[in-house]
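S.K.: Let the hints inform the model, and build the full structure from the sequences given.
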Amino acid sequence: MSDHYYDAHDLPHFPDIGNNAPDLAKKFFEWYGAVFADGALSAREKSLIALAVAHAVQCPYCIDAYSKDALEKGSDLDQMTEAVHVAAAIRGGASLVHGVQMRKHTERVGM
Amino acid sequence: MPRTISLLSRQAPLASAEHQRATLTALPLAREFGDAAQAAGAWPLRPHAIATLQINVGKLCNQTCRHCHVDAGPDRQEMMSRETMALCLRALASTTIPAVDITGGAPELNPHFRWLVEQATAMGRHVMDRCNLTVLTTAGQADLPEFFARHRVEVVASLPHYRATNTDRQRGDGVYEKSIAALKRLNEAGYGDGRSRLRLVLVTNPVGAYLPPSQASLEAEWKRELLRLHGVAFDALYCITNMPISRYLEWLIESDNLAAYMERLVTAFNPSTVSGLMCRDTLSVGWDGLLYDCDFNQMLDLGVDAASARHIRDFDPAALATRSIVVGRHCFGCTAGAGSSCGGSLAS
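Protein chains in written order, with this note's numbering: chain B, 1 to 111; chain F, 1001 to 1348.
It is possible that some hints are incorrect.
Unchecked claim - With a cut-off of at most 20 Å between alpha-carbon atoms, the simulated EDC-like pairs for lysine to aspartate or glutamate come out as follows:
(1) 46/B x 1225/F
(2) 46/B x 1221/F
(3) 1223/F x 38/B
(4) 1223/F x 72/B
(5) 46/B x 82/B
(6) 46/B x 1219/F
(7) 1223/F x 45/B
(8) 1223/F x 1256/F
(9) 68/B x 1256/F
It should be emphasised that the hints constitute simulated quantities derived from the structure, not laboratory data.
M.R.: What follows is the structure, encoded as structure tokens:
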């Protein structure tokens, strides 16, 4: 047991989650694989979305995995950086747009 | 920044093929290539009929790319002579080998390159040129697109990415801009329009320690983006794996990526790639006329396992047909993921 919550060596053990509730794990990993296949979006585009979401949910496992995956899918660092900016814009925007609620509250109680 | 001179000029230990082989052998790997090929039902690895004579006409190049498995560069002097080319042509004439794949270095810088192309095409053989694109912008080479078109040479051109960042990181500052200019010249000469018989293929390989992208998935995007960004058209995209040889091996060591990269290649072994490995239908000729199963074996000094036919002057298809293909740990580079060859991916 490591003395910190996140360990880079944990990622390869992800499939071990199937040691319990194996049917659920099987369904999850099959669905996961299908999600990232070429479809209406290319596998490269999906990988960039995953990279952006990984930053939005701040998952170090996902950032590790999809930084490499995005390169292997043919993206370059400029494209990956823009994807992270998209995540940051939505996160920042999500905070800022709640300022509308703040304004309504202040208007209601203010003079 | 890219190094500006070859391993050989720097007198780096990795300039020695023996040192490269020993470096790969010393790594702790889960299994050897022979074991993997055996499990795939293809051991010993035997050749099919020779479909391509791949001729490496020398190590001279106007670029010094960081990933080059040839250790080519402007400082390299090794160059195939016209006499050795004549032996290659004699071998061709004695067979029906349909394709000639000319590589280097920058093959166009060999002073006898055009003669070789003229002779091979006059024999009715399909000729491919492995072109780094920027050579078209060097002195005396501006008419190459028209020369290629006249002889219906298939141009197989290197471009790491359809955008500048990764291209210049791998191949040197300014290479992207020159490459796009060269592609426009090839388009002007009739290449890449999808209608003429002038075929223009782009080759991309990773700019780092990871596997190449899916060829089928990316080709449409590359076509769309190169057309949108630069008005450039091409016919096909090949995605090729970097081989842990020469300067790419040096970079893997220096960046502390070698063990993980080799492990990645081994764990990504794809049995379905073995039947289509290029070594099975290609014969590779070195600048000095020595014969190899592929260009990678050539750089590792791993000659063909055919005692009576080790040089093009002794070319003997019957003796070569009974040989076993020489393999090593670097061969995992051709079988990882979708597989890799001079013709791109091997499996979908």
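S.K.: For this structure, which hints from the list above don't hold up?
M.R.: As far as the earlier hints go, only 8 is violated by this structure.
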